[in-house]
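**Student:** Chains A and B are the protein sequences, given in the same order.
If you count the first sequence from 1, position 56 lands on 56 in the numbering used here, and the numbers rise without skipping.
If you count the second sequence from 1, position 33 lands on 33 in the numbering used here, and the numbers rise without skipping.
Careful, some of the hints might be misleading.
As the list claims (entries may be wrong) - Where chain A lies over chain B, by a calculated footprint (3+ residues, C-beta under 8 Å): (1) 38-44; (2) 54-64.
As the list claims (entries may be wrong) - Only pairs whose alpha carbons sit at most 35 Å apart, straight line, appear in this in silico DSBU-like list of lysine-lysine: (3) K47(B) x K16(A); (4) K316(A) x K53(B); (5) K394(A) x K16(B); (6) K16(A) x K123(B); (7) K406(A) x K115(B); (8) K394(A) x K87(B).
Stated by the list, open to error - Per the computed footprint, the stretches of chain A lying under chain B, defined by three or more beta-carbons under 8 Å from a beta-carbon of chain B, are: (9) 338-346; (10) 354-362; (11) 367-381; (12) 391-404.
Just so you know, the hints here were simulated from the structure itself, not pulled from any lab data.
Beta carbons: idealized from backbone N, C-alpha and C, even for Gly.
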Amino acid sequence: MNIDQIKKEFPIFDNKVQNNDLVYLDSANSSQKPRIVIDRIYDFYSKEFSNVGRSVHYLAVAATNLYEQTRNSVQKYINASDKNEIVFTKGATEAINLVANTFGQKYLDEGDEVLITELEHHSNYVPWHFLRKSKKINIEFAEVNEQGEVTLEEIKKKITDRTKIICVTHLSNVTGAILPIKEIVSFAHSKGIPVLVDGCQGAPHLKLDMQDLDCDFYAISGHKMYGPTGIGVLYAKKKWLEDLPPYQGGGGMIREVKKKGISYGELPNKYEAGTMATAQVIAFNESIKFLEKIGIENIEKHEKELLDYAVDLLGKNNSVNIIGNPKNKGGVISFTIEGIHPHDIATILDEDGVAIRAGHHCCQILHEKLGLPATARASFGVYNTKDDIDQLNKSINNCKKIFNLK
Amino acid sequence: MNLKELYQEIILEHGKNPRNLRKTDNFTRDAKGNNPLCGDNVHIYLKLNDNNKVEDISFEGNGCAISMASASIMTDLVRGKEEKEVKEIVTDFLDMIKEKDELSTELLNEDEKTKLMCLSGVKQYPMRVKCATLSWHTLTSAMNNSQEITSTED
Ligand SMILES: Cc1ncc(COP(=O)(O)O)c(C=O)c1O
């Protein structure tokens, strides 16, 4: 795998940022886009645009076919058993809201428990909080351990007779911990409890196989997978999509509308109300092709090498404190430097063209547990190199110099 | 852009050893402020005497060097000022951060103005302006004895 070649496919790296080469270490937030994805949006709007699934003219039929081709690609990419198990959303946030809303409506009542973890992104907590308000359900938190991971044992400990659904992240966007999803699902199913996985950080970096994982719901964010913004995927087992009520109402999701009553459309239309992000869905197909061309196994290996290199290098930097030390870890390093606030770190790094994120990364529960109001975070993508990490370390040393630290 | 302008010695020094980082005994007014996006937070305590003069002012909280230094310098400068004067200084500082090149208030001496101007480096860093202004907005709330939490995100 030739990273220089791959990097050339991303136009963002052709330009200087404040006279520096861009060292982009914020892919956990959102990834950069390869040219084929960018071009696909332009081409679709210039030559092929039409709304999908409604009119019968040539452009409409062609656009509908392209739109459905992405569904086929996603199905294949994540090894779902049926293409109708793929629902397009505006992002992972909407995917989780869809489940919380519809599952909550049908299956959650006062006193029922939703089990989440302290690692969850706000988008896998707040939608459940709504139900705490509207239906008086309880939310339980599986705790994070010293290493920054949530274990199967911890999940088992928190399951009760009232647990109705378990919602866990695949890969923590703060500590990088990869959770034992397959084992969690298998145990949960033995108790008859469905599992939702927030796969935002899993999908761009790990090989996915829905039939093997066997989870009930898996939320994906397109913009973190080298795809456009405004597109996400909810994978859900067909039995759930058939069983649960619709989410949003409007055009496209109905079968028949009468003054007295309405019947809903078949899958997948039932969950795709209104005009969808058509161009983005179609361009997302190119992201999948891009990932397939490189091979997710190769990406995993590359990012693991970068991670090991970075943990080693930053670990030797005596002021840097890396948050968590999970056994199974993805390409995310959150850190603090004694005596320098993460926002000051981010501003100083930015001056060298090094783009990282500082803050709570939408994980306030975890930061509260860590006793830190904020951390700095470097996260990797397919285009990163060891040079990027060397530059990160160099810029961190520059921070220390500015703040007169040893 | 110039990091040296942003992180001047005075800022680093105040950031590291903030003045008045404590809680005033028998404070008469207080207010909390936060910066939801970055997690900075500040709690300002004021004690006004019978003549409406700031007898003591202090703060608790945590945040980046800029926000800590800003709160530290601010609390030093408004002690002993009357309520009306405090408001004038706050307005003058916020105007300077927003658009004006200099401070125009006559309530501060040149030395004090120079100190405050050290914070003007944030003008080149739009994302960091709110770090410099958080404690000032919160001071305004405290003066008005507002129970609402000041947020820089509205
Ligand atoms: C772990 C995790 N979950 C959920 C989200 C939200 O995803 P989206 O931006 O697609 O709504 C993110 C992205 O910020 C994330 O990192």
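**Student:** Look at each hint and say if it fits the structure.
**Tutor:** Results of checking the hints against the structure:
no. : hint              : verdict
1   : 38-44             : holds (count 4)
2   : 54-64             : holds (count 3)
3   : K47(B) x K16(A)   : 51 Å, violated
4   : K316(A) x K53(B)  : 52 Å, violated
5   : K394(A) x K16(B)  : 23 Å, holds
6   : K16(A) x K123(B)  : 22 Å, holds
7   : K406(A) x K115(B) : 27 Å, holds
8   : K394(A) x K87(B)  : 44 Å, violated
9   : 338-346           : holds (count 6)
10  : 354-362           : holds (count 3)
11  : 367-381           : holds (count 3)
12  : 391-404           : holds (count 3)
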